[in-house]
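Student: In this text, residue positions in the sequence shown follow the numbering used here: the first is 2, and each later residue adds one.
What the hints contain is simulated information worked out from the structure, not anything from laboratory work.
Note that the Cβ used here is the ideal one computed from N, Cα and C, for glycine as well.
Please note: incorrect hints may appear among the correct ones.
[As the list claims (entries may be wrong)] Derived CB-CB ranges, DEER-like: (1) Cys-7 with Tyr-101: 27 to 37 angstroms; (2) Arg-89 with Ser-32: 44 to 54 angstroms; (3) Pro-93 with Gly-147: 15 to 25 angstroms; (4) Ser-32 with Val-130: 16 to 26 angstroms; (5) Gln-62 with Asn-105: 34 to 44 angstroms.
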Amino acid sequence: MIDPFCAPRVLSGRQLAAPAQAGSGLHLPLSADERTRLRGLRHCATGQPVLLQRPRGEPLQPGEWLGADDGLPPVQVEAAPESLLLVRASEPLALLRAAYHLGNRHVALEVRPGELRLLDDPVLADLLVQRGLELERRHEPFLPEGGAYAAHHGHSHSHHPHVP
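Could you build the full structure based on these sequences and the hints that come with them?
Tutor: See the structure below:
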């Protein structure tokens, strides 16, 4: 049993390789949003507290290992299940239009062959149903696209045309 008053492990480094002994690491389930926030208190699947102290940079990826200088086994990042909408259409153009409208609203999307996935939102669900799309609700990991500005670590462009 985990002691709720124990100090959290500080995870500041990324490890390229899995631990030498199979099954020796902890698992850290994180939502898509949590994988972009590289600092703060989180809890492993066992309840073990960990403190992320990562420098700004790329989001954490499911399957990667995080380590500390404490000599303890590393912690593996996992994509936590989230409430999702799966969007499908009988016509590819309808799905493409849905992607356009969702992208115009800056909605995070996971793009798969023949379907779009987004976090469940009743307003967006209503919009998609009104457009004649098929929706299915699921509770699964969400792996959204990084987006055009992912390499710049933020949304910093203007929506206004550049005037010289």
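Student: Please go over all the hints and tell whether each is borne out by the structure.
Tutor: To see whether the hints hold, each was checked on the structure:
1. In this structure, Cys-7 and Tyr-101 break the distance hint of 27 to 37 angstroms, their C-beta atoms being roughly 49 angstroms apart.
2. Between Arg-89 and Ser-32 the CB atoms are about 23 angstroms apart, so this pair departs from the stated range of 44 to 54 angstroms.
3. Checked against the hint of 15 to 25 angstroms, the C-beta distance between Pro-93 and Gly-147 comes to roughly 23 angstroms, which is consistent with it.
4. For the hinted restraint 16 to 26 angstroms between Ser-32 and Val-130, the CB-CB distance of approximately 25 angstroms keeps it satisfied.
5. Restraint check, Gln-62 to Asn-105: a C-beta distance of roughly 27 angstroms breaks the suggested window 34 to 44 angstroms.
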